[in-house]
Each structure stands twice: as structure tokens, then as C-alpha cells.
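Visitor: Take a look at the letters that make up each chain.
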Amino acid sequence: MASTDNNGGARGRAPFPPWILTTVRTIGSIVVTMLGLMFITFIIGRVMPIDPVLAIVGEQATKATYDAAYQQLGLDRPILVQFFYYVWDVLHGDFGDSLLNARPVVDDIKRVFPATLELATLGVFMGIVLGVPLGVIAAVKRGSWIDQIARVIALVGYSMPIFWLGLMGLLVFYGILGWVGGPGRVGIFYVDVVPSVTGMILIDSMLDGNWEVFKDAFSHIILPASLLGYYSLAYISRMTRSFMLEQMSAEYIVTARVKGMSEAAVIWRHAFKNIRVQLITVIALSYANLLEGSVLTEIIFSWPGIGQYITTALLSADMNAVLGGTVVVGLVFVLLNIFSDLLYKVFDPRAK
Amino acid sequence: MSETQSLRAWLLTDTPTSRRHAKFAAAYQGWLSFRSNTMAMIGLWILIFLVFVAIAAPLLAPHDPFEQTLANRLQGLNADGHILGTDSLGRDILSRLIYGSRITLFIVGLVALIAPITGLLVGTVAGYVGGWVDTILMRITDIFLAFPRLVLALAFVAALGAGIENAVLAISLTAWPPYARMARAETLTIRSSDYISAIQLQGAGPLRIITKHIWPLCISSLIVRVTLDMAGIILAAAGLGFLGLGAQPPSPEWGAMISEGRRFILDSWWVATMPGLAIFTVSLAFNLLGDGLRDVLDPKDAET
Numbered sequence: 005m006a007s008t009d010n011n012g013g014a015r016g017r018a019p020f021p022p023w024i025l026t027t028v029r030t031i032g033s034i035v036v037t038m039l040g041l042m043f044i045t046f047i048i049g050r051v052m053p054i055d056p057v058l059a060i061v062g063e064q065a066t067k068a069t070y071d072a073a074y075q076q077l078g079l080d081r082p083i084l085v086q087f088f089y090y091v092w093d094v095l096h097g098d099f100g101d102s103l104l105n106a107r108p109v110v111d112d113i114k115r116v117f118p119a120t121l122e123l124a125t126l127g128v129f130m131g132i133v134l135g136v137p138l139g140v141i142a143a144v145k146r147g148s149w150i151d152q153i154a155r156v157i158a159l160v161g162y163s164m165p166i167f168w169l170g171l172m173g174l175l176v177f178y179g180i181l182g183w184v185g186g187p188g189r190v191g192i193f194y195v196d197v198v199p200s201v202t203g204m205i206l207i208d209s210m211l212d213g214n215w216e217v218f219k220d221a222f223s224h225i226i227l228p229a230s231l232l233g234y235y236s237l238a239y240i241s242r243m244t245r246s247f248m249l250e251q252m253s254a255e256y257i258v259t260a261r262v263k264g265m266s267e268a269a270v271i272w273r274h275a276f277k278n279i280r281v282q283l284i285t286v287i288a289l290s291y292a293n294l295l296e297g298s299v300l301t302e303i304i305f306s307w308p309g310i311g312q313y314i315t316t317a318l319l320s321a322d323m324n325a326v327l328g329g330t331v332v333v334g335l336v337f338v339l340l341n342i343f344s345d346l347l348y349k350v351f352d353p354r355a356k
Numbered sequence: 117m118s119e120t121q122s123l124r125a126w127l128l129t130d131t132p133t134s135r136r137h138a139k140f141a142a143a144y145q146g147w148l149s150f151r152s153n154t155m156a157m158i159g160l161w162i163l164i165f166l167v168f169v170a171i172a173a174p175l176l177a178p179h180d181p182f183e184q185t186l187a188n189r190l191q192g193l194n195a196d197g198h199i200l201g202t203d204s205l206g207r208d209i210l211s212r213l214i215y216g217s218r219i220t221l222f223i224v225g226l227v228a229l230i231a232p233i234t235g236l237l238v239g240t241v242a243g244y245v246g247g248w249v250d251t252i253l254m255r256i257t258d259i260f261l262a263f264p265r266l267v268l269a270l271a272f273v274a275a276l277g278a279g280i281e282n283a284v285l286a287i288s289l290t291a292w293p294p295y296a297r298m299a300r301a302e303t304l305t306i307r308s309s310d311y312i313s314a315i316q317l318q319g320a321g322p323l324r325i326i327t328k329h330i331w332p333l334c335i336s337s338l339i340v341r342v343t344l345d346m347a348g349i350i351l352a353a354a355g356l357g358f359l360g361l362g363a364q365p366p367s368p369e370w371g372a373m374i375s376e377g378r379r380f381i382l383d384s385w386w387v388a389t390m391p392g393l394a395i396f397t398v399s400l401a402f403n404l405l406g407d408g409l410r411d412v413l414d415p416k417d418a419e420t
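Residue numbers (this note's numbering), protein chains in the order written: chain E, 5 to 356; chain A, 117 to 420.
If you're looking for bench data, these hints aren't it; they were derived computationally from the structure.
Remember, predicted model here, so these are calculated numbers, not experimental data.
Where hints are given, some of them may not hold.
As the list claims (entries may be wrong) - Covered by chain E, per the in silico footprint, the following chain A stretches (three or more residues, Cβ under 8 Å):
| id | segment |
| --- | --- |
| 1 | 352-360 |
| 2 | 373-386 |
| 3 | 393-401 |
Glycine included, every Cβ here is placed at the ideal spot set by N, Cα and C.
Use the sequences and the hints to build the structure in full.
Guide: Pasting the structure below:
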């Protein structure tokens, strides 16, 4: 985004005030990015070696049936025209029907997205609650044992394959100790017990007042959420530490100390206050990564979220589902990025 | 003895006599400060060991990694001469791990070549030429950055067909954009410096300026970034292998081995555990090495 935010718009007799130009430019870059994203996915979907027509009609179909299905899918049109129609449909909230179960992809995504959202939100929440204090303490007590622990946590987090750690977690906490529920969102007896309002079982069961389901759902989500939480903790604590170190060596901190301010006030009221904006950017990024990066976790824990949805669809050549899922994930990612960029501009006067 | 001492003195001199002398002296001093970093040295030794294991695999492996003995399946640790046990087809896990190191090195090596070079090309051209070329190239970079990385790699492999070469391509395709960003930023600062103008006045063309004067200055930060990225590359490759989209059976790729062991995780934990430990050790080594290299080559970003 560095290329877009120069101050060229404000020079001379500009016909529009600069904020309009910035807004137009931001929206323009979202549109171009999203179109590019859709185009790449679209092309990938078209060159896949699995034949979507065969997936529908089956191997035994006659030539006539095959051709009819081929035409019905619109595959006889030029590829750019197909792409144009696809974008047009997406703008109307239509991702087409899933080739496998013939349901609209939008409905499928509405069903699986809350599961991912629930998992990622709980994960990033753990990451923030533990990671930010850990990073601050590690920076303040630099070189102490807490700093060393924070360093090890981050290093291990950057080096450990997430699907392996998930398996080990299942082995230890489910298989051996039996402390948590196994794969899936709830035990088999609790499936579809509470009415789906938000699609997030923890919230739905609370709304319904069904604490038994809540407890069961919690015992299922806690392990995968802790896993994601650990990875975001590793990242957030590391970034917090380096932001804090930068502030703590600034001269205003020395001034505050010389004034006789208590150390707690120096740390939290002065230094920490100045890293809040940077921190929110890091958290937004971490959140976006959890939303998109939970593919392997969802597979290990049989979590019916968007990562598992896209993977299953990919392996069965369900193009509409792949495209829809990827576009939604991409959109969330782009929006979170732009949101954190905007926060920077609004709250950090130096960025203006 | 005196010869090594004079070599040391020659390397540590403050008054180099030639350009090559200065280069060697700088490299030696960098090595000295790198050597004092214990963690980085541990990482380096682990990786040297890995390369050794990969080269000497046929000599080190106690068994044939592909030999199946169904009567001997899922044997525990240290059973029957199988130090790390056997998998569901009775193959020796240790031997498979040893041969698997070759696959890991192959993937990492190729991606570490393809992605940075692509990024360097795109970034320096965009930064040096500027204008609409810059806009288009950077827009494409942004689009690739906006993609969910693993999903993009998955989609590419699904489109190209599962296999180790396609996994390499897919990971490279998702790994190049950050390098392009970095190379562009460096090029922008270098482009406006006086010595570039001086060379331009001497009549140097863009090709010469980019290859001879901009690339060498981008290299050191690129190397640091590559080393730190290696861990991510290993994890991505293992993830693809785990999903069945990377190396195909019976290849002893570590991620695929975890996936095979997943079915027996509750009864035969070692089948999935051992390859995971191998992946963890190697990517940890790359992270340690990368941290150390950053402190030496890129002091302005150093943490401590």
C-alpha cells in the first residue's frame, strides 16, 4: 500500500478535497485486488485436471447428456465471458450451486464460516490476553527469565508444524488424559440440539440457556482454539516486545522517570499507550492469518469450517465452492488489512 | 602456527591493501561475531548434520526405507533392531526419516532459489523503471499477498497435479511477493542516490545498473529473509505432504509420514511423532540460524 499514499492529491487547485481522492483510491485498490483474486482462482478452477462435467453426469453418461451439462455450466463460452458472468453473479450475492450437493454455495459458506469465526476469535482472544502482557513484561525485564521464556515460546511457535502439535494435543489431552472432547464441534448426542441463530455453538447454546450443550461445545473447542491461540501468542508477544523496546529507549520515558513517576505509570500510561495503534495492526493481521490459516487445524480436528470446506471442495473439483470460499476468505483478509491501515491513519498523527 | 597467526592478523587489519582484502576482512569479522552467538551456531551445526545425513543416507540407514514387512508392522521403539519402531507397513521409521531429509533439502533448496530470484527480478524492475510498470507489477504482487497462502498453494497443486515438483512450484508462487516488496523498497532508496546518477552519466544502461549496482546491495537483506523463511517453507511443504498433495507414497516425506501415522495416533503414537520432531528440529535450526545471520548482516533490524 506504500505506493498509494503519497500527498500528490493535495497539490495545486485540486477539484476534490484530498480525503475524497484517498477514499476513491482505497476503494479502487480493493476492487482491483478482489478482481485479481477472483481471476486467479477462476483460472485455477478452469485448468484443474478434474472434469467438472464428469463429476456431475458420471462416467457412463452418453455424449448428448455430457454436452447438455457442458452447455448448462456455460463452459462453451470464451473464458473471459465466463469470468464476466461469474463476477456479475457474485456482485448479486450468487456464488452458483455446489456441483456436489447442488445447494447454493452461499448457503454452505453461511453455514461453515461461523464455525471458523468462532474458532479464530477464541484463538486470537487467547493470543491477545496472554501475548500482550507477556510481550510487555519481556521488554521491560529484558534478559530476565521471563524474557527467555517469551523467546522460547515464539521460536517454538515459528518452528512447530501446527498439524503435528494438534495431533499431539489430541493424543495427550483427549487420548491419554481425557480432559477435552475429541474432534468435531460437539459430541454426537448434542448435534443440532440448540437452534442455530448465529451459527456459533457457544453463543447459540448460551442464548438457548442450554448449559449442557455449552459445556460440551466448550470442551471440544478449547483444544483447537488453544492451538491457534498459541500461534497468535507467539507472534503477538514478539511484536509487542519489539514495539515496547523501541518506546522504552525513547527520551520521554527518561523524562517521565526523572519526574519521579512510578514505573507502572511509565510503562502503561506512557510507553504502552504509544504502541496501541501498532498493536492493533498486528492483532488484525494475526486474526486474518487465523481465519485463513486454520485449514490444517480444521482438518485435524474435523472442524466444519471454511478451511475444511475449501479443501474438500478442491479435492472433488467443486469449482463453485472453491471459488466462493476463496473469494470470501480473500475479502475478509483484504478488509482486515485495510481496516488496520485506516486505524493507523486515524489514530497515529505521524502517519498523516 | 605463525602462519595462521599472520592470516588472522591479515584478516583483522584496519588498513586493507586491496578491495578483495577488505571484503575478506569484513566477512571474517562477520563470522567472528556470528560465532559468538551460541544459538545460531547450534542452528548451523544441526543443518550441517542434516546435509551430512542426506548425503550419507544409504550408509547411515539401518534398513531399506521402502522394504515392507507386514508381520513386523507398528513395532514400538527399539523393538527388533528398529530404533524408532516401524510404521503400518512394517517399514523402519528411522531409515525413512534419514531418506526423508533428502526430500526436505530438495524442496527447501529449490524454493529458496526460485522465490527470492523471482521477487528480486520483479521488485528491482518495478522500483527502477517506475511509472505504470511499477503500478502493474506491484498490483499483481498485492493480489498474491492478499491470497490465503496455504489455500493458494492447495489450489495450484490441485490444478497442476499432486507431486513434489508441483509442491515446490506452488510454495514458490506463494512465497515470492514479500521478496518483491523488499527489493522494490531497497531499489527506490538506492535509485535516487548520487552514485547511481554518476554511473548513469558515465553511460551505464538500466540492465547494467540493476544487475551490477542494485542487486548486490539487495542481497544481504534477501539472504536473511530467505533463512528466516526456510522454516515457513518446510512447514508449508510438510502441510502439503500431510494433505496428500506433496510427495506421493511410498516416498518418505516427513509430512506424509505424519499423515500415515495419524490413523494410529492413539495406539502407536511414535509413527506420527517422530517425523514431527524431525520437522520441528530442522525448522528450529533455520530460525536460529536466521536470527544469527540477521544480527550480523542486517544490524539495523537486530533485536537485542
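Visitor: Take the hints in turn and mark each one as holding or not.
Guide: Now the hints, each set against the structure:
Figure legend: the segment 352-360 of chain A, annotated as covered by chain E; annotation consistent (4 residues with Cβ-Cβ distances under 8 Å, at least 3 required). Against chain E, the segment 373-386 of chain A contributes 5 residues with a C-beta closer than 8 Å to a partner C-beta. That satisfies the three-residue criterion, and the hint holds. Coverage of a stretch by a chain is defined here by at least three residues with a beta carbon nearer than 8 Å to that chain's beta carbons; for the segment 393-401 of chain A and chain E the count is 4, and the condition holds.
Checked against the numbered hints given earlier, the structure satisfies every one of them.
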